[in-house]
Amino acid sequence: MSATADSQQCVITSELLRELAAVVGPKRLLDSQDELLVYECDGYIVEKNVPDVVVFPVNTVEVRAIVLACNKHNVPFVPRGAGTSLAGGCLPVHGGVMIALTKMREILEINLRDRYAIVQPGVVNLNLTRALAGSGFHYAPDPSSQGACTIGGNVATNSGGPHTLKYGVTVNHVIGVEFVSPEGEVTQIGGPIGRGSDFDLTGLFVGSEGTFGVVTKVWVKVTPNPAAYRTMLAIFDSVDDTTQAISNIIGAGIVPAALEMMDKGIVGALEDAFHFGFPLDAEAVLLIEVDGLEVAVDHEAKQIIDLCKASGAREVRLSQTEAERALLWKCRKQAFGAIGRLSPSYCTQDGVVPRTKVPEILKFIASVSERHDIRIVNVFHAGDGNLHPILLFDERDARQVQRVMLASDEILSKCIELGGSVTGEHGIGVEKISFMNRLFTETDLEVMDGVRRVFNPDGRCSPGKMLPTAGACGMEHIEKSHPGRRAAM
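Counted the way the numbering used here counts, the sequence shown spans residues 1439 to 1927.
Since the hints were derived computationally from the structure, they do not count as laboratory data. Computed from a prediction, not measured in an experiment: that's the story for all the values here. Possibly wrong hints are sitting among the right ones.
Below, simulated SDA-like cross-link-like pairs (lysine to any residue); rule was C-alpha separation at most 25 Å, straight line [unchecked claim]:
| # | residue 1 | residue 2 |
| --- | --- | --- |
| 1 | LYS1659 | ASN1610 |
| 2 | LYS1801 | ILE1673 |
| 3 | LYS1659 | TYR1605 |
| 4 | LYS1510 | GLY1463 |
| 5 | LYS1795 | GLN1741 |
With the hints as extra help, turn the sequences into a complete structure.
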């Protein structure tokens, strides 16, 4: 039994189960408790709730039939990709039907002449670039989880990644979306021939976190490969020197393809995992990449090396081969996987501050770590001030969980105070709903809610997400799971 968006109780009836099984077949439907447990949370493990049933459609027709069945029986539903979301974006807050899109993984078309591809939402991000290997093109958005996350999920949260400093986030590379609306209509917005209206509905849809409908097809831009790369690892004995180097590089008018920072804790875990040769006594390292024409990248690389050394870098290593470059990026992309060597559980935050405030927020994070007795390590997109402090804990200890929640709230509150935001790419989900009243005025939130109701009038699709107006029962679930959290927010 689960609650719908208006808090009315509903029952997953045998009739609904029969209708769903008729759509997808019994082998693509899960309703036993042991199987459903796998889907109780995404990458944000602090909040959990088990769906009543999980279905696996393979095409738009099946998605539409599932949505119509849910509407007929007044049951909430939530789309889910690979489950790598880090803010509870695909948490089934009110139970109901989870629509898992991982079997919709076909690359339907690659059009190099017009520079776009058409993919189903379950296509793994990295698999699209692999499919483009040898063509001279790639898909630019590259979240750190790109080996697992899906393009449909990237659309939901407007994902970023290391190379979005230069190339932009997901919304800059999506030109059209087909989706099944919460009312069961198949709709296309945008596409290769243009927006189709005077409004940028595609830009509005990207980042709506699954509350506007269920994505079934995506048109994405493919980007020409740069002629050359230069990838560097700058090693620092001081976090302050590291952040100063970041400011100096951007201040010099250089926009690297990527500018990533990893602190001592992450470096140690990565070295233990991959044996790259990272100096374990360094306080922080910068992974920096420039790309473009051969003559231009040599000049920019020299400038960056000089700026890093002038800022206090003890050493700057320039990768000499493609294999060295690939290993550096392997270390960065698998940084979160290496966290398992440090702690049984972790919570990754996603605040944003102006670049000039990076030194201040890092000092604040260190003070929060000490005050709450929670170890925090940092790996983040330094070039655009998108922070990812990783709070290490054991979820089996309720006291540690409570300290993590309090520490997270303090860090995100400080991001707002410094002129930033509480998310750069992970989204609001269920984790950060209470911050929306502090980021936006009541009028702003009313407008956002009004827009969402145009797409999702009954609130049945992904209820309890993003906005405080998503329904009190969403916050009731959080308060029940972690008493006192709301007071800390």
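Run the structure past the numbered hints and jot down the numbers of the failing ones, going up.
Going through the list in order, the structure violates no hint and respects every one.
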